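So the protein lines, in turn, are chains W and H.
In terms of the numbering used here, the first sequence opens at residue 2 and continues consecutively.
In terms of the numbering used here, the second sequence opens at residue 4 and continues consecutively.
Simulated from the structure, these hints should not be mistaken for lab results.
Hints may be right or wrong, so weigh each one.
Anything over 12 Å on all C-beta distances counts as not near chain H; from chain W, calculated [stated by the list, open to error]:
| no. | residue |
| --- | --- |
| 1 | K22 |
| 2 | P122 |
| 3 | E125 |
| 4 | K175 |
| 5 | R230 |
| 6 | G247 |
In silico lysine to any residue, SDA-like type, Cα no more than 25 Å apart, as pairs [to be verified]:
| no. | chain 1 | residue 1 | chain 2 | residue 2 |
| --- | --- | --- | --- | --- |
| 7 | H | K165 | W | H138 |
| 8 | H | K165 | W | L119 |
| 9 | W | K111 | H | A164 |
| 10 | H | K170 | W | G110 |
| 11 | H | K173 | W | N134 |
| 12 | H | K259 | W | E107 |
| 13 | H | K173 | W | L99 |
| 14 | H | K259 | W | P94 |
| 15 | W | K244 | W | L183 |
| 16 | W | K114 | H | T176 |
| 17 | H | K165 | W | G110 |
| 18 | H | K259 | W | V133 |
| 19 | W | K57 | W | E201 |
| 20 | H | K259 | W | G131 |
| 21 | W | K114 | H | P257 |
| 22 | H | K170 | W | W117 |
| 23 | W | K111 | H | T172 |
| 24 | H | K173 | W | D118 |
| 25 | H | K165 | W | N189 |
| 26 | H | K259 | W | L140 |
| 27 | H | K259 | W | E89 |
| 28 | W | K114 | H | F175 |
| 29 | W | K22 | H | I159 |
| 30 | W | K57 | H | I156 |
| 31 | H | K57 | H | I24 |
| 32 | H | K170 | W | F72 |
| 33 | H | K170 | W | T53 |
| 34 | H | K165 | W | W186 |
| 35 | H | K173 | W | G61 |
| 36 | H | K173 | W | H138 |
| 37 | W | K57 | H | A169 |
| 38 | H | K165 | W | G112 |
| 39 | W | K57 | H | A164 |
| 40 | H | K165 | W | L71 |
In this text, all values refer to a predicted model and were calculated from it rather than measured experimentally.
Where is the CB? At the ideal position from N, CA and C, for every residue including glycine.
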Amino acid sequence: MNLTGHSGLTCQGVSKTYQTKNGPISALKDVSFHVKEGEFVCIVGPSGCGKTTLLKLIAGLLEPSSGHILFNQDSQDGISRSALVFQEHGLFPWMTVLGNVAFGLEMRGKGRKERWDLSRPFIEKVGLSGFVNNYPHELSVGMRQRVGIARAFVADPQILLMDEPFGSLDAQTKLILQEELLKIWRENQKCVVYITHDIEEALFLGDRVLVMTARPGHIREEIPIPFSRPRDLSIKERIDFVKMKGHIWKILEEEVRNSCG
Amino acid sequence: MKENHRLFGFMREGWLTLLIIFFVTITWELVVYIGWLSSLFFPPPSVIVVTFIKLIINNKLVDNTGVTLWRVFLGLVLGGIPGLILGLTMGWSRRLYLLINPFIAAGHPIPKIAILPLIMIIFGIGESSKIIVIAMAAFFPLLINTAAGVQQISPIHFEVAKNYGAKLTKIFTRVIFPGSLPLMLTGLRLSLNFALLVAIAVELVSAQKGLGAMNWLAWQTLRTEELYVSLIVTALLGIFFNFFLQRLAVYLAPWKAEQRI
Numbered sequence: 002m003n004l005t006g007h008s009g010l011t012c013q014g015v016s017k018t019y020q021t022k023n024g025p026i027s028a029l030k031d032v033s034f035h036v037k038e039g040e041f042v043c044i045v046g047p048s049g050c051g052k053t054t055l056l057k058l059i060a061g062l063l064e065p066s067s068g069h070i071l072f073n074q075d076s077q078d079g080i081s082r083s084a085l086v087f088q089e090h091g092l093f094p095w096m097t098v099l100g101n102v103a104f105g106l107e108m109r110g111k112g113r114k115e116r117w118d119l120s121r122p123f124i125e126k127v128g129l130s131g132f133v134n135n136y137p138h139e140l141s142v143g144m145r146q147r148v149g150i151a152r153a154f155v156a157d158p159q160i161l162l163m164d165e166p167f168g169s170l171d172a173q174t175k176l177i178l179q180e181e182l183l184k185i186w187r188e189n190q191k192c193v194v195y196i197t198h199d200i201e202e203a204l205f206l207g208d209r210v211l212v213m214t215a216r217p218g219h220i221r222e223e224i225p226i227p228f229s230r231p232r233d234l235s236i237k238e239r240i241d242f243v244k245m246k247g248h249i250w251k252i253l254e255e256e257v258r259n260s261c262g
Numbered sequence: 004m005k006e007n008h009r010l011f012g013f014m015r016e017g018w019l020t021l022l023i024i025f026f027v028t029i030t031w032e033l034v035v036y037i038g039w040l041s042s043l044f045f046p047p048p049s050v051i052v053v054t055f056i057k058l059i060i061n062n063k064l065v066d067n068t069g070v071t072l073w074r075v076f077l078g079l080v081l082g083g084i085p086g087l088i089l090g091l092t093m094g095w096s097r098r099l100y101l102l103i104n105p106f107i108a109a110g111h112p113i114p115k116i117a118i119l120p121l122i123m124i125i126f127g128i129g130e131s132s133k134i135i136v137i138a139m140a141a142f143f144p145l146l147i148n149t150a151a152g153v154q155q156i157s158p159i160h161f162e163v164a165k166n167y168g169a170k171l172t173k174i175f176t177r178v179i180f181p182g183s184l185p186l187m188l189t190g191l192r193l194s195l196n197f198a199l200l201v202a203i204a205v206e207l208v209s210a211q212k213g214l215g216a217m218n219w220l221a222w223q224t225l226r227t228e229e230l231y232v233s234l235i236v237t238a239l240l241g242i243f244f245n246f247f248l249q250r251l252a253v254y255l256a257p258w259k260a261e262q263r264i
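Excised from the complex, chain W in its bound form (with noise of 0.2 Å):
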């Protein structure tokens, strides 16, 4: 794999409390695991189980209650060391998509000149470039999650965090966003930190899948996805494919009923 720059992350013993006024409640408890450079992490894990916790926590918006988050390389001056893609409703109503893309940069104090220049290949990327100055109303939901992309790509952060970017999407529209960010990603090598609760995309995106527990949620397993690149929708026919799909389902299952008491 063609490594560029040394990014890369690693989580020791992270947990995260939240207080509430029932007492406390263990979010998180002693997550410990490793993303080398432009490595494609997923992580799976029964619902509540503290997933978009650990995100946020990774992306600096909240502290961990103890452990340690390292970035293999210091934030050099102003670029976001993340960059966080949400479900849905993470863009900025009141910008057009060229305001949205370029945010990170707009607050990295770049020009208007130098936005333009660097968000221009990343709006074409992902072929909205006839929707420069559309509003995010104006476009689909799955427009919208391109925009979502191309803005996070645009920021050239270390680390890409994905929260179920594709989880409001219908079927077809998911594969076709599934294939065009893997082909994006590929072109720009970075880590990725992708949470899904559909264990087909975890297998056809990731390099590597953990597989989280119930609340308070840790990693059970890490499962290494050994499918060459670049792959195609082909691969969900294979029969690993569709054994390790049995075996992240079987733990997932156990886990929430487990929760279910």
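Let chain W serve as the given structure and place chain H on it in line with the hints.
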């Protein structure tokens, strides 16, 4: 396509309105002419139009309208700007909101014209008392709507901004201000309406000049046709304000205006 539809719809309604106005005017004229209605209470439209032209020629109408507009403007600036600023900070800071909101909740429902006597005792019967009362009327709608506008901004937008490294000033100019702008403009429209309402009311009670004063003088001297002229001009002002602010909202907040027309 959609634009055309709307335009035609508007034109159809516009023609209908004009037709109704035309019909009512003709009937009115006829009914007074026949003698079914007293021309003392209902001077025929032809007389009102002649009076209208006379009042324009002798400068009385322009003069009084100008005085009213100036009072509305001063009141809007002196009341609206503090309302806007306080609304933004109250929407931003939950603590400040809790601290100040009881006073707002108590002050808002008081009909501002009822405070005029008290204000006149304190500030005298001059121009400043009138402006203060108009400013009070303009203060509350802008404050309340602006605060609500900031509060309804989705937390996701703050998270995105933070994730991309937005500083406090950028959070204000790129998230808080545009995010609350649509409701802010609604507040501005309400403030303008209230300012006009209270300006007329203040002039009815205690002024030598202005549309309200003209109206009151016309009643005292039983010049009914002048009364009608001042009423019509006041109504036209109100209609113009609303129309103007709707256009302004479409121009300044195209992402929301789309859904509002």
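- Task: Against the earlier hints, flag every one the structure doesn't satisfy and list their numbers going up.
- Result: none
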